[in-house]
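Given the coordinates of chain A, work out where chain B should sit on it, guided by the hints.
Chain residues, written in single-letter form:
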Amino acid sequence: MTTHAWLLLGAYLVILLLVAKPLGIYIANVMEGRGFAMRLGGPIESVLYRLGGVKKDEEMGWLKYAFAILLFNLLGFLAVYALQRLQLWLPLNPQAMANVSPDSSFNTAISFVTNTNWQGYGGESTMSYLTQMLGLAVQNFLSAATGIVVVIALIRGFARHTAKTIGNAWVDLTRITLYVLLPISLVYAVFLVGQGVIQNFDAYKNVTTVEATRYDAPKLDAAGQPAKDDKGNAVTESVSLRTQSLPMGPVASQEAIKTLGTNGGGFFNANSAHPFENPTPLANFIQMLSIFLIPAALTLTFGRMVGDMRQGWAVLAAMTLLFVVMAVAAMSFEHQGNPLLASLGTDTSVGNMEGKETRFGIADSGLFATITTLASCGAVNSMHDSFMPLGGFVTLWNMMLGEVVFGGVGTGLYGMLVFAVMAVFIAGLMIGRTPEYLGKKIEAYEMKMVSIAILVTPLLVLAGTAIAVMVPAGVAGIANPGAHGFSEILYAFTSAANNNGSAFAGLSANTPFYNTLLGIAMWFGRFGVIVPVLALAGALAAKKRITASAGTMPTHGPLFVVLLIGTVVLVGALNYVPALALGPVVEHLMLGLAH
Amino acid sequence: MSHKKLAMFDPALLKPAIVDSFRKLNPAVQWRNPVMFVVYVGSILTTALWAQALAGQGEAPAGFILAIALWLWFTVLFANFAEALAEGRSKAQAASLRGLKKETLAKKIKGANATDTWVTVPATDLRKGDVFIVHSSETIPADGEVIVGVASVDESAITGESAPVIREAGGDFSAVTGGTRVLSDWLVVRVTVNPGETFVDRMIAMVENAKRQKTPNEIALTILLVALTIVFLGVTVTLLPYSMFGVSVAKAGTPISITVLIALLVCLIPTTIAGLLSAIGVAGMSRMMQANVIATSGRAVEAAGDVDVLLLDKTGTITLGNRQATNFLHAAGVKEAALADAAQLSSLADETPEGRSIVVLAKDKFNLRGRDVRELGAHFVHFTAQTRMSGVDLDGREIRKGAAEAVRAYVAERGGHFPPEVEMIVEQVAKRGSTPLVVAESAGGGARVLGVVELKDVVKGGIKERFAELRRMGIKTVMITGDNRLTAASIAAEAGVDDFLAEATPEAKLKLIREYQAEGRLVAMTGDGTNDAPALAQADVAVAMNTGTQAAKEAGNMVDLDSNPTKLIEVVETGKQMLMTRGSLTTFSIANDVAKYFAIIPAAFVTTYPQLAALNVMGLASPASAILSAVIFNALIIMFLIPLALKGVKYQPRGAAALLRRNLAVYGLGGLIAPFIGIKLIDMLIAVAGLA
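Chains as they are written, first to last, in my numbering: chain A, 1 to 595; chain B, 1 to 692.
No lab work stands behind these hints, which were simulated from the structure alone.
These numbers were taken from a predicted model, which means no experiment stands behind them.
Check the hints yourself; a few may be wrong.
Rough simulated footprint, nothing fancy, chain B against chain A, three-plus residues with beta-carbon under 8 angstroms [as the list claims (entries may be wrong)]:
1) 420-432
2) 480-489
3) 543-550
4) 577-590
Some chain B residues well away from chain A (every beta-carbon gap over 10 angstroms; in silico) [unchecked claim]:
5) Ile44
6) Thr326
7) Lys335
8) Val360
9) Thr387
10) Lys476
11) Phe640
By construction, the Cβ of each residue, glycine as well, lies at the ideal position given by its N, Cα and C atoms.
For reference, chain A alone in the conformation it holds in the complex (with noise of 0.2 angstroms):
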């Protein structure tokens, strides 16, 4: 770790601490219709909800809640579907994009309306205008929105006692969207095109280079797929290249939201490393801090909507503990270098530069890897495939805690409170009560909730892994042989399940297999853990709230921020040590030995 490595994470977490309270207590607010946004929005949201016949004073149940939510992402699944296969023959499109495949379309749209933001296709080469701004971005805000209103609803169930709803899934979308997510992504596209990040509607640029360039690019055989020597290597041919295509298009709407929503889906194929997507230093801290901006305000919107801001800090404190670990971790594991590069008489003291931005280097990549992972972000500014395998390791590991650690805006916090409902039913079994979270008692029906929302994700992850390993169609996407191809394949299904979006991208997943098994984790991932997630905010709304005594196990201590840090690493931990023995630390280990 270097002098600017400590100060970038130190600068990033005081700032990022000072804005997440009066961003939770505003968004808190908001959610329970106060403050001074809502009179300047009341009129637009009564012109809404007359539009869409929505009765805003009416409540839902949790069912009809999970309902209305599964239905509004059904619908978004279907028009990003629907756009992508129609795109040639609607406008926008200046450079006249195809139509995507079906295959492609079904995980694309799936991937957005998840918040996913895995992409199996290359944005400047695949998508109109059309479709990035009305399906993607669109998605964006939604996906963003869907998230959040649901971590609502669940803090709703601790906050309320004998209720029988948990707020109109409607109303918190349009709340949410209108007063959080479009002012601060009109603000932030606004700064992002002062940084250089470009908004047009442009035909794409042919500009002569200086240079020639000249490269060994892959062959590819009929099928697409990188062609390979009898010996299994990859065959390459060589090219050289006076002329570049400039892509260009409304990139700062669409890297806001990005961002903030924790969607990642870039514009470019290169995602934030792109200069016109995420241009300046200053750019890429802004970027990473709107990825945390949101899921760290929502801890204190929880602590104020349970009227204990203690509890907020709690489960911000044991994010931010996590979250520290990790970043020095894959900062350090980058500044070393790779030993192999070492042996040959290269210079390796700035560290491990492959797949990285000069204009960023290793702190800032390392630091928004460690971001993106966590956060679900899954928006990248180097490519993960070329960290060292401790690098990858930790972004690979970062994942597999469930995206949890600040996580998604809203996915983040609701995992988290899954995990501290867990932690907290052991732990009061250990203090001989009956578990009791927020003065909710946690009993059979609460567990139930909690272990469907706590299984789903490790299964998918472990069940595609094993298909893709298992089948020729899976096998045959891997561009690295040995360990790190399984790595590849574990980040890709850990990515989607957990719904990141970033990938490892040796890995050729445009394939009718992986865009449809993927797609499918991506769903399940999300959709598998909202509905159980709901469940428990229903159950809880309904319980009576039990007064805290000394006998009480508190849970704004250090001891709980313990306990829940114990439980989340724990849990990852044992559902996933030997996959990733077979993966990334076998590669760490191979590394050491030939070395």
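Positioned in the frame of chain A, the structure of chain B alone reads:
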């Protein structure tokens, strides 16, 4: 009841328990415990794999597969044994109770008079509403309520208390229990329960049902354990394709064998807690029985652990039943010794506890020895409701003691006056929560007030510490008393209770409970009288005294056979212990998995990736011994923890945070470290023995 305490591994229990362990291999029995069922299936599969290996088609050496299979069977048997042992202990308790149910005969009568003629019928023929008569040295045939008569009854068979108790018609001492014996006189009793619903039946049912009826927390925990099992099933099943892929890309080694996968699965799933879970529940109920408390269900015991408000009757629970003299406060011009002497004289023949306490105090303070009233030729004047005084007439001197009002009237009648400073003393004593007893004498035509004896409600020794303990546990104590607010406040302060309800009526009690419950608290109370029944029914945990009325016993969800109101504290502790034992063993079980991964993962994949040997941090001898050691540790730990499961995790009355810190350190951290040591030791033994 079970006075003979059974040792943890009593030989009389061991043998049937071992037999039962094998009997429980029945799949229908195993199915009830999903986690252990997985181990059971694993044992069968590995046994089949061993048979296959013997036939020359083995995926691994037959000896290794056999060793794994055997230890998996042991795992199942050990869990069976734990359950069988716990059941055996409670069955022994039930058997001693069943002895009480020996065929007794009942003298059934038609009317309700002792003079009616009876017909002898078997006790089992008695139905609710029937009336029987029972004479001295006969066994009471059924639970009932005395309608005529007074008798001393030996209830030691139920309570273990050898002193006989008085049972009489009417009032709070009218309930009798079947199986107890009348020592003197006779009773006419109306049967209150049908056969099969009697007390002894309920006790036996409680013991025998403990394993079948899961408590709410047990159900929730089982869900978590099943969820963990499903996860680990996923982890191990998918490991086979991962391993096959690894072998194909590394072009080295062989895929992981089914035997090793099953071994890994069994090591990972929470067998420790799952194997001991039902034993913990059964043992908890046994402990309640040993404390002479009958609970209607395990649910009630568990709820006791959650209680946060305890309502306690003042008299008999917080204070000794009677007021005692603690002070002689003399009037002006009277020596304290003179007051003591007069008070002692007036109390010599007073057999009330208050009177006796005055004699004791006089002796303690002024060394005044007890004198024989008759020797002195004194005439004792008994207390009557009219005079509201008692005293003694001796050589023309009259000494009277009584309430201030009565004595004032007495003195005034004889031309004396009630001095203002005594008036003040009386007031002060009352303010302190004590009862002032004014002593006066009249001799030679004049009367004067000698002073005041302070009678105090004496708080039981050690009760204050008990309440402090409860406070640390987070339980609020509330004293219920019929006294006025002033007296109640003073006793409450002395006993150290958190709150009190003065001038309590049954309605006020009920209202208080409802208020606490509305605040989201769980309320426990003890009671014995019929007028306690509504409050008992409303409370979340209600312990009725066995000496209490049938109505009270029916309203409560527990009955304390010793009729000791502070027993509630033990009930709370037992409830907490049951949960703590489950929670602690769950934590231990899950924490164990880390070490097992370190033992098995390198061993399983080292042929494919030799580099993974670096993860063999324990330095285990060989892959085969590493896997076998983990499996053996996993089986043996169940045996090691049986005593803990039966006795329960030690409960200490501390705050929640302190308790959690301690248990996390012992069972969480201990659970992480212990298997590293245990597996290493077993591995060394195996290596020395050259088994693998």
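Handout entry: Outcome, coverage of the segment 420-432 of chain A by chain B - at least 3 residues whose beta-carbon is closer than 8 angstroms to one in that chain
Key = holds (count 9)
Handout entry: Beyond 10 angstroms from each Cβ of chain A, as asserted for B:Thr387
Key = Check passes; 51 angstroms lies beyond 10 angstroms.
Practice task
Verify the coverage statement for the segment 480-489 of chain A against chain B, using a C-beta to C-beta distance below 8 angstroms and requiring 3 or more qualifying residues.
Solution key: Result for this restraint: holds, n = 5.
Exercise for the section: Taking the shortest Cβ-to-Cβ distance between B:Ile44 and chain A, state whether it exceeds 10 angstroms. Expected result: Its Cβ never comes within 10 angstroms of chain A, the nearest being 24 angstroms, so this holds.
Exercise for the section: Check the non-interface label on B:Thr326: least C-beta distance to chain A beyond 10 angstroms or not. Expected result: holds (34 angstroms)
Practice task
Please confirm whether B:Val360 is truly not at the interface, meaning its C-beta sits more than 10 angstroms away from all C-beta atoms of chain A.
Solution key: Answer for B:Val360: holds, closest chain A Cβ roughly 40 angstroms.
Practice task
Decide, holds or violated, for the assertion that all CB atoms of chain A are farther than 10 angstroms from the CB of B:Lys476.
Solution key: violated (7 angstroms)
Handout entry: Residues of the segment 577-590 of chain A with Cβ under 8 angstroms from chain B, three needed, outcome
Key = Result for this restraint: holds, n = 9.
Problem - 10 angstroms cut-off, C-beta based - B:Lys335 kept clear of every residue in chain A - result: Since the minimum Cβ distance to chain A is about 51 angstroms, B:Lys335 lies beyond 10 angstroms and the statement holds.
Exercise for the section: Against chain A, does B:Phe640 hold up as non-interface, every C-beta pair farther apart than 10 angstroms? Expected result: holds (19 angstroms)
Problem - Check of the segment 543-550 of chain A against chain B for coverage (Cβ-Cβ below 8 angstroms, three residues minimum) - result: holds (count 6)
In terms of the numbered hints stated before, the structure departs from hint 10 and from no other.
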